[in-house]
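Visitor: What follows is each chain in one-letter form.
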Amino acid sequence: MRRVNVEDIFDLTGFAVDQEPHIVLDPQICRSCDHRGCVTACPAGCYTWSEEDRQMGFVYDGCLECGTCYIVCDKGAFTRWRYPRGGFGVSYRMT
Amino acid sequence: MRRSFEAVVVGAGPAGAAAALGLARSGVDVALLERGAFAGEKNMFGGLLHRMPALEAVFPDFWDRAPLERHVVRKSLCFLTGEAGFTVQFETGAFDRPPYNGYTVLRPVYDAWLAEEARRAGAACLTRCTVDDLILEGDAVRGVRVLRDGGEIRAPVVIAADGVLSLTALKAGLRQPRLDPDGMAVGVKALIDLPRPAIEDRFGLVRDQGASMEFVGCTAGVRGGGFLYTNRDSVSVGLVLHIGSLRDSGRTPYDLLNAFLEHPMMAKLLRGGRLLEYSAHVIPEGGYDAMPRLCGDGILVAGDAAGLCYATGLNLEGINLAVHSGLLAAETVAEARQSGDLSARALGRYREKLEGSFVLQDLKLFRRAPRMLHIDRLYGAYPEVICELMERVYRIDGSPKRRLGRLLAGTTREKVGLRALLADALTAWRSV
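In order, the protein sequences belong to chains W and A.
For the first sequence, the numbering used here assigns the number 1 to the initial residue and increments by one for each residue that follows.
For the second sequence, the numbering used here assigns the number 1 to the initial residue and increments by one for each residue that follows.
These aren't lab readings, by the way, just hints derived from the structure by calculation.
If you're wondering where the values come from, they're calculated on a predicted model, not measured in any experiment.
Hints may contain errors.
Pairwise CB distance ranges, derived in the manner of DEER restraints [claimed, not checked]: (1) Gln55(W) / Leu422(A): 28 to 36 angstroms; (2) Ser91(W) / Gly272(A): 26 to 34 angstroms; (3) Asp133(A) / Ala16(W): 21 to 29 angstroms.
Beta carbons are placed, not taken as given, at the ideal position from N, Cα and C, and that holds for glycine.
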């Protein structure tokens with residue numbers, strides 16, 4: 001059976017991607033974070049940490065709106081954390 | 001879009017749809033707001049819904065009416081290690097006839113059905129409506145602001161059923177800004193297509209019978225467990241992982257899920273299956289002590305938003321509590337409107353109603369369960385002890401047998417230690 005590969009999340013789950021991000025973070029705060037739990041805990045792999053650039057990368061397109069990052073982040077890195085505008089974001093059909 | 005109602009319900013999940021249904025049936029002009037394009041679009045769960053007497057009271061023909069997948073006749077709990085598994089299983093004919101004890105459902109279908117019932121009862125269902133803020137007069141909630149047409153929707157009372165993070169309850173000052181990662185879990189799930197005959201043969205089912213399986217020891221030591229529920233033509237397989245423990249492990253939910261799906265026992269059950277959809281959501285598992293305040297002036301909180309969910313290892317319940325709380329919230333609002341008093345004090349009847357029902361009685365009964373679920377040995381050492389013990393019991397290799405008690409003492413001493421075993425047993429005994 002095919003593995004769950006979050007790189008191909010758009011083949012696995014439906015999305016209506018908004019142009020405006022529903023989550024915005026301040027990467028400056030992520031630099032001094034001692035765990036960066038969001039990187040591994042996010043079930044969609046939306047967060048990537050580059051040790052070389054010391055930079056947190058975040059893409060909201062494949063966000064499952066599950067809430068894990070909201071809970072795992074204890075550094076207050078989000079300057080915005082809300083759900084997408086009506087009709088945008090993840091769209092489950094069968095789950 | 002109309003701007004003013006007698007009541008507004010935020011979120012058309014099980015709690016919100018039930019609340020709107022209850023209010024509409026009491027003749028209240030209610031708006032049910034849903035941020036998805038349809039109710040259920042954003043919602044996922046493991047897949048097993050328990051019996052909901054309160055909803056059966058609303059719909060006497062519930063079983064024919066609701067879009068159910070299979071009714072569950074068999075429950076099992078399986079302790080897994082790398083290549084072994086020890087399963088405790090219970091099956092009864094009593095669960096094979098109405099009123100069924102539980103059933104599997106698909107949320108985009110089930111939630112849409114319940115919201116449609118609310119609409120037919122007279123609720124105004126407004127989809128694609130993300131609530132972004134509350135309208136406050138002093139401390140009293142007087143409506144919501146939505147991310148659509150810069151809109152305001154006014155109502156003298158709001159029921160917040162907007163799910164586990166409840167940004168609505170937060171804005172009303174009813175919950176703490178920080179949610180404890182140790183009291184929250186994330187569920188990840190793969191919906192896997194399997195032909196009906198394969199499901200029936202592999203799980204030993206006939207007609208619309210369903211099986212519910214839960215697993216411990218399949219999370220590489222991360223606090224949590226696995227589940228498998230049979231739908232009509234698919235199975236829901238996934239993991240529930242405590243967020244604090246997941247963070248500390250440095251593991252990813254999808255790697256753990258893939259490892260679970262590839263466990264030899266699981267791979268056999270899922271052979272030839274096709275991955276249909278991947279989904280994830282946070283679950284409030286903090287129990288009674290993690291609940292927010294349930295009412296304020298002009299506002300009530302229901303379902304996951306109110307933290308009405310519990311996990312004991314054997315019982316994992318949430319949606320039945322959500323539906324019940326939604327109906328009680330509706331009842332409270334309908335009564336409070338009669339007296340014209342929608343203050344926090346008048347709406348406080350809601351809490352009394354919950355206290356008088358199984359919802360808060362069960363949450364209180366199991367209020368120490370989260371403490372038991374924080375025993376890390378449950379997720380590694382104990383499944384290993386059990387599987388190793390069973391292997392020693394059943395293995396025939398020419399060496400003389402030993403008494404069961406000695407085998408158990410030996411295996412436990414190696415992996416856990418007697419003192420830790422006794423302490424854990426005491427914690428577990430007090431919890432459930």
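Visitor: For every hint, state whether the structure bears it out.
Guide: Results of checking the hints against the structure:
Separation of Gln55(W) from Leu422(A) is about 50 angstroms and departs from the stated range, judged on CB atoms against 28 to 36 angstroms. Distance hint for Ser91(W) and Gly272(A): a CB-CB separation of about 27 angstroms, consistent with the stated range 26 to 34 angstroms. The hint said 21 to 29 angstroms for the Cβ distance between Asp133(A) and Ala16(W), and at roughly 23 angstroms that hint holds.
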